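*Asks:* One letter stands for each residue in the lines below.
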Amino acid sequence: MSKATNRRRARTVRTWISAVVIMVWCLLPFYWMVVTSFRDVGYTFDTTPWPTHVTLDNYATALSTHWGNHLGQALLNSLIIGVSVTLIALLVGTVAAYALSRYDFAGKGIVMGAIMGASMFPGVALLTPLFQLFTTIGWMGSYQALIIPEISFVLPLTVYTLVSFLREMPWDLEEAARIDGCTPAQAFRKILLPLAAPAIFTTAILAFISSWNEYLISSQLSSDATQPVTVAIASFTGTLPHQEPYTAVMAAGTIVTVPLVILVLLFQRRIVAGLTAGGVKG
Amino acid sequence: MFTWKAVEVLDMGIGFFGFFTAAVFVVTVVMEVTGGQALGWALALLALVTVMAALILLRRRMLADEARGGAPVSTAWGGSHREYERRRDR
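Note that the protein sequences, when read in sequence, are chains U and P.
Heads up: the first sequence at position 255 corresponds to 255 in UniProt numbering, and the numbers run straight through without jumps.
Heads up: the second sequence at position 52 corresponds to 52 in UniProt numbering, and the numbers run straight through without jumps.
Any given hint might turn out to be false.
[Stated by the list, open to error] Only some residues are given here: those of chain U computed to face chain P with a beta carbon under 10 Å:
1) Lys108
2) Met116
3) Gly123
[What the hints assert, rightly or not] Below are the EDC-like pairs computed for lysine to aspartate or glutamate, each with C-alpha atoms no more than 16 Å apart in a straight line:
4) P/Lys5 - P/Glu66
5) P/Lys5 - U/Asp180
6) U/Lys190 - U/Asp180
7) U/Lys108 - P/Glu8
8) U/Lys190 - U/Asp172
9) U/Lys190 - U/Glu175
FYI, nobody ran anything at the bench for these hints, they're computed from the structure.
Note that the structure is predicted; figures quoted are calculated from it, not measured.
Using N, Cα and C, we set each Cβ at its ideal position, and we do this for glycine too.
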């Protein structure tokens, strides 16, 4: 066997080992969550790597309202908040990204830098002023108190993803449309938006996932009626006082995570394509 | 493939630090007016303003070098219509 073949083989083995290690590192917590969710309460801390004493009682407990847990309502709240945040962020972000990527104006770079700076601002520093503001105007515990701050977190991601995609779009089509009599707004709506649909779709998925997973702001600004799943799971109560119902929490976590996993698996190619837009020539 | 121009990167840096400079400036003024401990915030503001000044001076120098025939650093932003026209008419 030649040296080149041996080196190629060794490289392939190293690549596979690295891939397996990364996969195990990332998926093991999720796998453990699913396994624990199927375990009987008495065997919560059993260390067997596969499900033992399998039961569906944890899922029944997670979805039940008997102990004061409202996972169903929380799922609906998360859906309302996620969809609202995504739609508004896309509406504003697409137009902003078009202006930032296709037009030259004074201070454009500064605007881009300010958006980046705003996205890196620590969210915990905003908690107290937001709490005070929403208490003053009577929005505490309302949907808008959760949606508006989350838009501010999601918007920079939306703008940056779409700017990098729209920059690569050819001007020829737009110019041809303008020559044919389209206004810039019509060219944007009728030519560019349909072409940018994959990127917009990808950005929507990323924005939705970001909003779905948000906990910090939601934990302080939501009420029992408007709390999303992240807050609902964290405040799960068991059958006894001061009891932490780990198996029910794992079941709730699985219920909440599975839709996102399915969403990402279905659209993984579009997500990767949207994230790497502009990275490869042509 | 889209490539960043040097001045574009500087512009974004100015915007990035400018945002935090504005935030720290507001905090410093509020702390000073309300009688709180403003020294730390003022020192942070001074550091940020120094960074901003350095970036702005560097930007001016790069543009001046380009005007004297140096490396092109300030052509129109990639993706814009001006850049498209510049490449089309080249």
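*Asks:* Decide, hint by hint, whether the structure agrees.
*Replies:* Evaluated hints:
{"no.": "1", "hint": "Lys108", "in the structure": "7 Å, holds"}
{"no.": "2", "hint": "Met116", "in the structure": "5 Å, holds"}
{"no.": "3", "hint": "Gly123", "in the structure": "14 Å, violated"}
{"no.": "4", "hint": "P/Lys5 - P/Glu66", "in the structure": "12 Å, holds"}
{"no.": "5", "hint": "P/Lys5 - U/Asp180", "in the structure": "33 Å, violated"}
{"no.": "6", "hint": "U/Lys190 - U/Asp180", "in the structure": "13 Å, holds"}
{"no.": "7", "hint": "U/Lys108 - P/Glu8", "in the structure": "9 Å, holds"}
{"no.": "8", "hint": "U/Lys190 - U/Asp172", "in the structure": "14 Å, holds"}
{"no.": "9", "hint": "U/Lys190 - U/Glu175", "in the structure": "13 Å, holds"}
In terms of the numbered hints stated before, the structure departs from hints 3, 5, listed from lowest to highest.
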